[in-house]
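> Just so you know, the protein sequences line up as chains A and B, in that order.
Mapping to numbering that gives the first Met the number 0: the first sequence position 109 is 108, numbers consecutive.
Mapping to numbering that gives the first Met the number 0: the second sequence position 219 is 218, numbers consecutive.
Keep in mind that the hints are not guaranteed to be accurate.
Said to hold, decoys possible - If you want a taste of the chain A side facing chain B, the calculated C-beta under 7 angstroms gives, among others: (1) Thr54; (2) Ser108; (3) Leu208.
As the list claims (entries may be wrong) - Quick list of in silico lysine to aspartate or glutamate cross-link-like pairs, DMTMM-like style, CA-CA up to 25 angstroms: (4) Lys277/B - Asp281/A; (5) Lys269/A - Glu272/B; (6) Lys70/A - Glu90/A; (7) Lys269/A - Asp223/B; (8) Lys293/B - Glu274/A; (9) Lys208/B - Glu90/A; (10) Lys14/B - Asp90/B; (11) Lys44/A - Asp79/A; (12) Lys208/B - Glu279/A; (13) Lys277/B - Asp79/A; (14) Lys269/A - Asp90/B; (15) Lys183/B - Glu211/B; (16) Lys293/B - Asp26/B; (17) Lys155/B - Glu279/A; (18) Lys127/B - Glu77/B; (19) Lys277/B - Glu309/A; (20) Lys277/B - Glu158/A; (21) Lys70/A - Asp206/A; (22) Lys134/A - Glu158/A; (23) Lys277/B - Glu90/A; (24) Lys183/B - Asp107/B; (25) Lys14/A - Asp281/A; (26) Lys134/A - Glu184/A; (27) Lys208/B - Glu274/A; (28) Lys277/B - Asp287/B; (29) Lys277/B - Asp268/A; (30) Lys277/B - Glu279/A; (31) Lys253/B - Asp242/A; (32) Lys43/A - Glu274/A.
Read the hints as simulated data drawn from the structure, not as lab findings.
Note that the Cβ used here is the ideal one computed from N, Cα and C, for glycine as well.
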Amino acid sequence: MSGENSVLVQVKNLKKYFPVNQGILFKRHVKDVKAVDDVSFTIKKGETLGLVGETGCGKTTVGRTILHLYKPTSGQILFDNIDLTGLGENEMRRMRQRMQMIFQDPYASLNPRMTVGSIISAPLDVHTKLNKAQKRERVQELLSIVGLNSGFVNRYPHEFSGGQRQRVGIARALAVNPDLVICDEPISSLDVSIQAQVVNLLEELQDRLGLTYLFVAHDLSMVRHISNRMVVMYLGKIMELADRDEIYQIPLHPYTRALLSAVPIPDPDKASRRERIILEGDIPSPLNPPKGCNFNTRCPLATEICFQSEPAYVDVGSNHFVACHHAG
Amino acid sequence: MDEHIQVRDMKPLLKINDLKTQFHTEDGIVNAVNGITYDMNPGEVLGVVGESGCGKSVHALSIMRLIQIPPGEIANGEIWFNGQDLLKLSDNDIRKIRGRDIAMVFQDPMSSLNPVYTVGFQIVEALKLHKNMRTKEAREKAADLLALVGIPEARKRLDNYPHQFSGGMRQRAMIAMALSCDPKLLIADEPTTALDVTIQAQIIDLVIKLQEELGMAVMWITHDLGIVAEMVHKINVMYAGFIVERGNVRDIYKGTLHPYTKGLLGSLPSIDEAPGTKLISIPGLPPDLVCLPKGCPFYARCVYREDRCKYERPSLEKADSNGHLVACWRWKENLTEGVK
Numbered sequence: 000m001s002g003e004n005s006v007l008v009q010v011k012n013l014k015k016y017f018p019v020n021q022g023i024l025f026k027r028h029v030k031d032v033k034a035v036d037d038v039s040f041t042i043k044k045g046e047t048l049g050l051v052g053e054t055g056c057g058k059t060t061v062g063r064t065i066l067h068l069y070k071p072t073s074g075q076i077l078f079d080n081i082d083l084t085g086l087g088e089n090e091m092r093r094m095r096q097r098m099q100m101i102f103q104d105p106y107a108s109l110n111p112r113m114t115v116g117s118i119i120s121a122p123l124d125v126h127t128k129l130n131k132a133q134k135r136e137r138v139q140e141l142l143s144i145v146g147l148n149s150g151f152v153n154r155y156p157h158e159f160s161g162g163q164r165q166r167v168g169i170a171r172a173l174a175v176n177p178d179l180v181i182c183d184e185p186i187s188s189l190d191v192s193i194q195a196q197v198v199n200l201l202e203e204l205q206d207r208l209g210l211t212y213l214f215v216a217h218d219l220s221m222v223r224h225i226s227n228r229m230v231v232m233y234l235g236k237i238m239e240l241a242d243r244d245e246i247y248q249i250p251l252h253p254y255t256r257a258l259l260s261a262v263p264i265p266d267p268d269k270a271s272r273r274e275r276i277i278l279e280g281d282i283p284s285p286l287n288p289p290k291g292c293n294f295n296t297r298c299p300l301a302t303e304i305c306f307q308s309e310p311a312y313v314d315v316g317s318n319h320f321v322a323c324h325h326a327g
Numbered sequence: 000m001d002e003h004i005q006v007r008d009m010k011p012l013l014k015i016n017d018l019k020t021q022f023h024t025e026d027g028i029v030n031a032v033n034g035i036t037y038d039m040n041p042g043e044v045l046g047v048v049g050e051s052g053c054g055k056s057v058h059a060l061s062i063m064r065l066i067q068i069p070p071g072e073i074a075n076g077e078i079w080f081n082g083q084d085l086l087k088l089s090d091n092d093i094r095k096i097r098g099r100d101i102a103m104v105f106q107d108p109m110s111s112l113n114p115v116y117t118v119g120f121q122i123v124e125a126l127k128l129h130k131n132m133r134t135k136e137a138r139e140k141a142a143d144l145l146a147l148v149g150i151p152e153a154r155k156r157l158d159n160y161p162h163q164f165s166g167g168m169r170q171r172a173m174i175a176m177a178l179s180c181d182p183k184l185l186i187a188d189e190p191t192t193a194l195d196v197t198i199q200a201q202i203i204d205l206v207i208k209l210q211e212e213l214g215m216a217v218m219w220i221t222h223d224l225g226i227v228a229e230m231v232h233k234i235n236v237m238y239a240g241f242i243v244e245r246g247n248v249r250d251i252y253k254g255t256l257h258p259y260t261k262g263l264l265g266s267l268p269s270i271d272e273a274p275g276t277k278l279i280s281i282p283g284l285p286p287d288l289v290c291l292p293k294g295c296p297f298y299a300r301c302v303y304r305e306d307r308c309k310y311e312r313p314s315l316e317k318a319d320s321n322g323h324l325v326a327c328w329r330w331k332e333n334l335t336e337g338v339k
C-alpha cells in the first residue's frame with residue numbers, strides 16, 4: 000500500500016469556517032467559527048483512517064466536508080485524483096456513489112415512515128437504473144451481508160434495536176458499492192456488547208468488499224482497534240498523525256499523551272500502574288481560539304513560544320506528523 | 000485499594016433484600032429489577048455495571064424512592080439504610096433522607112440543573128432545607144463546596160446560571176450539590192457518560208479524591224467496565240434485572256466467572272492489543288423484560304448454554320470465601336472457549 004496510486008483521498012489545506020452573523024435586519028458578518036482550520040491528510044485505498052478528538056474539534060465537519068455536504072471555505076479534496084471542490088452539483092452527485100456515510104444516531108438517521116427495504120433501496124433509486132425486482136434482490140442481499148434476516152424488508156425502523164438499526168444504516172451505505180465509507184461515530188450510541196458486534200461487522204465487510212474507511216470517533220481504544228493510521232484533532236487542527244502502533248507507543252504531542260492516559264483500562268492492575276495525565280480546564284470555544292498553539296491553555300508543557308507562534312505541522316520521520324513546539 | 004477492609008465485620012450501611020421493581024405499561028408488566036440482594040459497607044465504593052435496560056438505574060432510583068408510582072411499583076423487598084427500611088418510610092421521612100444521607104449525581108448535568116436559577120441558589124436551597132442554615136451561612140458553605148470540587152473563582156461562580164458552565168463544570172456543580180449535606184452514600188448514575196474523555200478523567204479523579212477525603216460510600220453506575228476498574232472495591236454485574244456476578248474488583252476482572260461478564264470484557268478492545276485481534280462480541284440482544292425467560296436470563300446469548308439453563312434459573316451462589324458470587328450453572332467448569 001505505498002506509492003501515489005494507492006491514495007484514495009487527499010485532503011489539502013482544508014478549511015471550513017462557519018460565519019457568525021449579528022443584527023436582525025442587516026446581518027453583519029462578525030466572525031467565524033473555525034471548525035476545520037488548515038487540515039491536510041491522505042487516506043490510502045483499503046485502509047481505515049481513525050479520526051479522534053473531543054467535542055467540537057471538527058472531526059465530524061471534516062467527514063462531512065469530504066462528502067461535500069458542507070462546501071469547504073478553502074482547500075482541496077482530491078478523490079481518486081479528481082478535485083471535488085471544482086465539481087458541479089450533478090457531477091458531485093455522481094461522485095457520491097463512490098463515497099457513503101454511516102451516521103452516529105441510528106434513531107435519527109432512518110426515516111421512521113419508510114420500510115427498511117425502501118430505506119436501503121433509496122440510494123439505488125438515485126444512482127442506478129435497476130428495475131424493481133433487481134432492487135428487491137439487491138436489498139435482500141445487502142440485508143444478509145450485514146447480518147439481518149432478509150425477510151425484514153417490509154419492517155419499519157421502530158421494530159429494530161439500536162444495533163440492528165445501525166446495521167440497516169450500514170446496508171444503505173453499501174447499496175451503491177462505494178469505495179469510501181465515512182463512519183461518523185457509528186458505535187457511540189450503542190451498548191458495549193453491541194459495539195463489538197458492529198465493529199466486527201465493519202472489519203469483516205472491509206475484508207470482503209475492499210472498503211476504505213474514515214472512522215470518526217471519540218473512543219480512542221475502539222479507534223485504535225479498527226484503524227491502520229490515526230489522526231488526532233483538537234480545535235479544528237490536526238495535532239498528530241501516525242500509524243496506530245506508533246501513536247500509541249511513542250505519542251509525541253502532549254494532547255495525544257493526555258488522551259491516551261484518559262482511556263479507561265478494563266484491568267485493575269494495569270490501570271493502577273499507569274500514570275494518568277489529568278488535563279486542567281475545558282476545551283476553549285472555537286469562536287475564540289487561543290493565540291499561538293491551540294492547546295496552550297491546557298498543555299502541561301506550554302512555554303513562552305507556545306503563546307506566541309503556532310507550531311508547524313511537520314513530518315518527524317516514518318510518516319509521523321505532529322504540530323508541537325516541544326515534540327521530539 | 001485495601002480489600003481487607005471489605006472482609007472485616009462491619010455493620011452494613013445499605014442492605015438490599017430481594018428488591019423487585021416493576022412498571023405497568025400497555026404492553027404488560029416490565030420486570031426491571033428482579034429480586035436483587037446485597038450489602039454495602041460504610042466507605043465502600045461499589046461499581047454497578049450493565050448495559051441499558053439491565054435495571055441498574057432503576058434499582059438506584061428505587062433506593063432513593065424516586066420511582067414514579069404508577070406506572071412503577073416496588074413489588075417486593077426491603078432496603079435497609081442506617082437501621083430503617085426505606086420502603087416503609089412516609090413520604091415526609093424519605094424526603095429527609097434523600098439529598099441528605101443519600102445523594103445522587105445524574106447522567107446529564109444540563110437537564111438535572113434548573114436552568115432558571117443560579118447554581119448558587121440551587122446549592123443553597125439544599126443547605127437551607129436539610130441543615131437549617133441561614134442564607135448567608137449557606138452561601139459561604141456553597142462557595143466552599145464549589146471550591147472543593149475544583150471550580151475556580153467559586154464565589155463569583157455562585158451567581159452564574161447553569162448555561163454559563165461547561166459540561167464538566169456542571170457535573171462538578173452537581174457533585175458539589177450532592178456533597179452539600181455530607182451524605183453517607185453517594186449514588187453516581189453514569190456521571191461521565193455525557194462528557195469527553197479528558198473531562199471524564201477529571202471527574203473520576205475528583206470523585207476518587209473526595210471519597211478518600213470524606214469517607215462516604217459511593218455507588219458508581221456505569222456501562223463501561225473500563226471506568227470502574229481503577230476506582231471501586233466491589234462490582235455488581237447486572238443483566239436483565241438480576242445480579243449475575245458480584246465480587247471484589249480483582250476477582251471480577253482476573254477471575255471472571257459469569258459468561259456475560261466474560262463477554263463484556265471481551266467486547267472491549269484493549270489499548271495494547273496486537274494488530275488484527277478480533278473482538279469477542281456477545282451475539283443477540285438482551286431479553287424482553289415483559290416476558291422474562293423461564294431459565295437463565297442470559298440463556299439466549301450464552302455460548303456455554305445447556306438444556307438445564309433453559310428451564311432452571313440459577314441463583315446467586317458463593318464461588319469462594321472472599322464474597323465472589325455468581326449466578327451460573329456451569330461456573331465451576333472454568334469455561335474459556337471463545338474468550339480472550
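> Are the hints correct? Go through all of them and say.
Here is how each hint holds up against the structure:
1. Interface hint at Thr54/A: satisfied, since its Cβ lies 5 angstroms from the closest Cβ of chain B, which is below the 7 angstroms cut-off.
2. For Ser108/A, the suggested interface contact is broken, since its CB lies about 19 angstroms from the closest CB of chain B, more than 7 angstroms.
3. Violation of the interface hint for Leu208/A is found here, the shortest Cβ-Cβ separation to chain B being roughly 18 angstroms, above the 7 angstroms cut-off.
4. Between Lys277/B and Asp281/A the alpha-carbon distance is near 35 angstroms, which puts this suggested pair outside the 25 angstroms criterion.
5. Between Lys269/A and Glu272/B the alpha-carbon distance is near 13 angstroms, which keeps this suggested pair within the 25 angstroms criterion.
6. With a CA separation close to 15 angstroms, the supplied pair Lys70/A and Glu90/A stays within the 25 angstroms bound.
7. At most 25 angstroms may separate the alpha-carbon atoms for a hinted pair to count; Lys269/A and Asp223/B meet this at roughly 16 angstroms.
8. Between the alpha carbons of Lys293/B and Glu274/A the distance comes to roughly 47 angstroms, so the proposed pair goes past 25 angstroms and is violated.
9. Restraint check for Lys208/B and Glu90/A: the C-alpha separation of about 58 angstroms exceeds 25 angstroms, so the hint is violated.
10. Only pairs whose Cα atoms come within 25 angstroms are accepted, and Lys14/B paired with Asp90/B is accepted, the gap being roughly 20 angstroms.
11. Proximity of Lys44/A to Asp79/A is assessed by CA-CA distance (about 9 angstroms); at most 25 angstroms being required, the pair is judged to hold.
12. A C-alpha spacing of about 15 angstroms is found between Lys208/B and Glu279/A, which places the hinted pair at or below 25 angstroms, so the restraint holds.
13. Taken as a hint, the Lys277/B and Asp79/A pair is broken in the structure, with Cα atoms around 30 angstroms apart against an allowance of 25 angstroms.
14. Pair hint Lys269/A plus Asp90/B does not hold up; C-alpha atoms about 46 angstroms apart against a cutoff of 25 angstroms.
15. A threshold of 25 angstroms between alpha carbons decides the hint, and for Lys183/B with Glu211/B the separation of about 13 angstroms falls inside it, so the pair holds.
16. At roughly 19 angstroms between alpha-carbon atoms, Lys293/B and Asp26/B fall within 25 angstroms of each other, so this suggested pair holds.
17. At roughly 19 angstroms between alpha-carbon atoms, Lys155/B and Glu279/A fall within 25 angstroms of each other, so this suggested pair holds.
18. A C-alpha spacing of about 30 angstroms is found between Lys127/B and Glu77/B, which places the hinted pair above 25 angstroms, so the restraint is violated.
19. Restraint check: the Cα-Cα separation between Lys277/B and Glu309/A comes to about 40 angstroms, which exceeds 25 angstroms; the hinted pair is violated.
20. Simply put, Lys277/B and Glu158/A have alpha-carbon atoms about 29 angstroms apart, too far for the 25 angstroms limit, and the pair is violated.
21. Restraint check: the Cα-Cα separation between Lys70/A and Asp206/A comes to about 32 angstroms, which exceeds 25 angstroms; the hinted pair is violated.
22. A distance of roughly 22 angstroms separates the Cα atoms of Lys134/A and Glu158/A; the hinted pair therefore holds under the 25 angstroms criterion.
23. In summary, the hint linking Lys277/B to Glu90/A is not supported, as the alpha carbons are separated by about 39 angstroms, beyond the 25 angstroms threshold.
24. For the suggested pair Lys183/B and Asp107/B, the alpha carbons sit about 23 angstroms apart, so the restraint of at most 25 angstroms is met.
25. With a C-alpha separation of about 24 angstroms, the suggested pair Lys14/A and Asp281/A falls inside the 25 angstroms cut-off, and the hint holds.
26. Only pairs whose Cα atoms come within 25 angstroms are accepted, and Lys134/A paired with Glu184/A is rejected, the gap being roughly 29 angstroms.
27. Restraint check for Lys208/B and Glu274/A: satisfied, since their Cα atoms lie roughly 16 angstroms apart, inside the 25 angstroms limit.
28. With a C-alpha separation of about 28 angstroms, the suggested pairing of Lys277/B with Asp287/B is violated against the 25 angstroms cut-off.
29. Between the alpha carbons of Lys277/B and Asp268/A the distance comes to roughly 23 angstroms, so the proposed pair stays at or under 25 angstroms and holds.
30. Proposed proximity of Lys277/B and Glu279/A is contradicted: the alpha carbons are some 35 angstroms apart, above 25 angstroms.
31. Proximity of Lys253/B to Asp242/A is assessed by CA-CA distance (about 31 angstroms); at most 25 angstroms being required, the pair is judged violated.
32. At roughly 34 angstroms between alpha-carbon atoms, Lys43/A and Glu274/A are farther apart than 25 angstroms, so this suggested pair is violated.
Hint compliance for this structure: hints 2, 3, 4, 8, 9, 13, 14, 18, 19, 20, 21, 23, 26, 28, 30, 31, 32 are not met, and every other hint is.
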